[in-house]
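> Given next are the chains, with one letter for each unit.
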Amino acid sequence: MSTPPVVRVVEREALVYARLWRGLAFSTFVQPALYLAAMGLGLGGLVKAHTGSVAGLSYLDFIAPGLLCASATQLAAGESMWPVLGGVKWMRQFHGVVATPIGPGELYSGFVLWTAIRSMLGAIAFLVVAAILGAVPSAWGILAVPAAGLCSAAFCAVLAAYSIRLDSDLSFPMIMRLGILPLFLFSGTFFPINQLPSGLRPFAALSPLWHGVELARAATTGQFHAGAIATHIAVLVGCIAVGAYFGVRNFAWRLSS
Amino acid sequence: MTMPVVAARSLTKRFGAFVAVDGIDFEIAPGEAFGFLGPNGAGKTSTMRMIGCVSPRTSGELRVLGLDPAESGADIRGRIGVVPQEDNLDTELTVWDNLMIYGRYFDLPRADIRERAAELLEFVQLSDRRDSKVDPLSGGMKRRLTIARSLINRPEALLLDEPTTGLDPQARHLLWDRLYQLKRSGVTLVLTTHYMDEAEQLCDRLVIMDNAKIVAEGPPRKLIADSVTREVVEVRLPLDADTAFEAARLKRFGDRTEPLADRVLVYTDDGDATMHAAVDEGFGADSMFVRRASLEDVFLILTGRTLED
Ligand SMILES: Nc1ncnc2c1ncn2[C@@H]1O[C@H](COP(=O)(O)OP(=O)(O)OP(=O)(O)O)[C@@H](O)[C@H]1O
Ligand SMILES: [Mg+2]
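The listed protein sequences derive, respectively, from chains A and B.
Counting in numbering that gives the first Met the number 0, the first sequence runs from 0 upward without gaps.
Counting in numbering that gives the first Met the number 0, the second sequence runs from 0 upward without gaps.
Worth double-checking, as some hints may not be accurate.
[Said to hold, decoys possible] Using 27 Å as the maximum straight-line C-alpha spacing, the simulated DSS-like pairs for lysine-lysine come out as follows:
{"hint": "1", "chain 1": "B", "residue 1": "Lys132", "chain 2": "A", "residue 2": "Lys88"}
{"hint": "2", "chain 1": "B", "residue 1": "Lys141", "chain 2": "A", "residue 2": "Lys88"}
{"hint": "3", "chain 1": "B", "residue 1": "Lys212", "chain 2": "B", "residue 2": "Lys250"}
{"hint": "4", "chain 1": "B", "residue 1": "Lys182", "chain 2": "B", "residue 2": "Lys141"}
{"hint": "5", "chain 1": "B", "residue 1": "Lys221", "chain 2": "B", "residue 2": "Lys250"}
If you are wondering where the hints come from, they were derived from the structure by calculation, not from laboratory data.
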């Protein structure tokens, strides 16, 4: 019985995660609970007093899927920058991997797959907390897990393809501040994008995070249009495909030179 | 005739316009310990990475275990072991998990890896460190772990890129001892080094590389016998001496001389006679001693430079 190379790459990441998991439990469970409590209930109370609802939802119901995908995105971004450059340049363990039957493309794919899996594990924990707080009105909510996975994979696929080419981590804080943070705030996560100035709305619709959030929100609220769902999935899959096109090439280029 | 483990013809590696390996030819037979000896930048690592199927050749022919790395890279990598010049152990894992995970990269069943990993840790004397992380290990221990890791798939050939560089003499001897054992068990060893004693000790046959080319090839003793006299008198001179001038003066005592920064080498078949002749004639030197000719001398004569330059 042979195990696909991509899965063997995931095994390593899963082992590291399993060994660290106690330390990660706080950020996995407690952080979403704090966010949901503070923003969903606290801020949500204010919203309710002033405007009643957001996009036809209670504020808690509105931001739960937003936070879910925003944290998946943050995790994916963090995992796709320093650990990738570390793997090729500082710790160099990627060079050890490609000296085995595992190829650079498989290493890349396994890395993206694992990041998606990890985001989905986080999403499950988040959904449990959210459900307890009453923020998941629909049983379709479980589908927010793959939505978070797709969203995470989209970011990881693109960023890992970029990071592997670098010689230093100088650009990473900039990407976090000028790329990920604005997306985090303005992708329909905390307020609907139609609140944005009209000139900015098309940009929000370009954000993979917005597509992820819309998918997750459709799942947790059970309110959706099939056409919109198909578009969101297509955009995220498109990001993954473009990222993978460059990722496979860039990993092969970097690890062979 | 058995198939060579590695066969290269006009093997070339270019990085942009820079030629790192310039059309080299060699063959490595099964069970052989084969060395690439050369100074920094000679092209040893570039050659090893092509053999190890991680860096594609620019041109020329290359067969490893009879297969073409350009087509069967993953298959070849599955049947060889690699000890890279720079350690790339997984610092997020323990010693034991490094072996377990590496075994999984080769798709070996976990039970087999466990058994093999325990054996290998014993072999490299790291059993007592199995639960340690990698970072706290000493340089020699990391090297030993890397060797253990490279053997996890029971490779037919082992590629070792400067296996002992940076280690103290004791750690080097332990590694040499392990490499002998592997060789005796039939593993083909391909190694690079810039230590001539290592090359002489370990290699049945070697090539000397310089400036991306092979400048000599053969068993170490034969290379020495063919291009150098049996013995060398090393004449150490005061710091302010003009070694080229002194070399010319010493010429008549031996077959040839090589002036270095602080000394002159006099090549001769009878070192004692040469030394006594020079002393009798009142040649002034800080010290003089006789040694056997080595690969260092072969390199010096072929390239006009020392290996450690
Ligand atoms: N990825 C690369 N890009 C550009 N040049 C390279 C690359 N790798 C190696 N070189 C160059 O090719 C030449 C040969 O390098 P190589 O590492 O093969 O030498 P080496 O014999 O292993 O030297 P050392 O004893 O220092 O390890 C060097 O001049 C080096 O700078
Ligand atoms: Mg080298």
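> Going through the numbered hints above, which ones does this structure break? Give me the numbers in ascending order.
3
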